[in-house]
Structures are given as C-alpha cells and as structure tokens.
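S.K.: Residue numbers (numbering that gives the first Met the number 0): 0 to 104.
Derived from the structure by calculation, the hints contain no laboratory data.
There may be inaccurate statements among the hints.
Pair ranges (Cβ atoms, derived) [claimed, not checked]:
hint: 1; residue 1: T89; residue 2: V24; range: 34 to 40 Å
hint: 2; residue 1: G56; residue 2: P27; range: 36 to 42 Å
hint: 3; residue 1: K94; residue 2: P27; range: 33 to 39 Å
hint: 4; residue 1: I103; residue 2: K48; range: 30 to 36 Å
hint: 5; residue 1: K94; residue 2: K48; range: 28 to 34 Å
hint: 6; residue 1: K41; residue 2: D13; range: 20 to 26 Å
Here are the simulated lysine-lysine pairs, DSS-like style, with alpha carbons at most 27 Å apart [stated by the list, open to error]:
hint: 7; residue 1: K82; residue 2: K104
hint: 8; residue 1: K26; residue 2: K51
hint: 9; residue 1: K82; residue 2: K94
hint: 10; residue 1: K26; residue 2: K41
hint: 11; residue 1: K16; residue 2: K80
hint: 12; residue 1: K59; residue 2: K15
hint: 13; residue 1: K39; residue 2: K75
Glycine included, every Cβ here is placed at the ideal spot set by N, Cα and C.
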Amino acid sequence: MICIFTIGHGTLNDAKKTIGEMFRVLKPRGIIITEFMSIKDKTYGKGRKIEKNTFIGSMKGEEDIPHHYFTDKEIKTLFSKFKRIKITPTRYFNKIEAYDVEVIK
C-alpha cells in the first residue's frame, strides 16, 4: 500500500483511524510505504493551531485543510501493531522536512 503525504491531512485522531483501517485491510506480511510531514518543516506553526502539532491554513492552496506535523515518536506509536517499522528523516528539494516510513504487518 502506498500513501504519499495524505495521512497528515487531518488531526492526529484522523491519522489513528486511517492507520487502524490500513492495518485491518492489509494482508499478513503486507507492506505500507508512506510519508509524514515533520515538526521540523518550515511550514510548521503557520496558520491557526487547532490541536498540538495540527494547523489550518499552513499551506497555500490548502487553506481550509488541517495539516498534522508528526514526531518520530508519534509515528512509532501509530504503527505499533505492525511487526517492522522503518522511519527515515528526509528532506525534499531542500525545503520539505518529512519522514519516510515503511512498515510490514
């Protein structure tokens, strides 16, 4: 399953629900490859804070969409049911601070 920069469009609770559903439908030994915005990203803290690490209006063109910025600890917790978790801090185009995540059920 591939999910690129989408799980963070919402609150932390939304991400929990999404990952729970991914776990439910993924076959044993199935793989998820995904990415999460990091709290180290330059857009972190911009816009209106609606909960810890979640902001509305932080990105141009997505002014009404919540964006949750993750810590590696949050990601480990979200994927704790999975057998293998690989989290790699990444910088794209010298702009976007993110985490590349690979998990196996």
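S.K.: Against the structure shown, which of the earlier numbered hints fail to hold, in ascending order?
M.R.: Hints 1, 5, 8, 9, 10 contradicted; others consistent.
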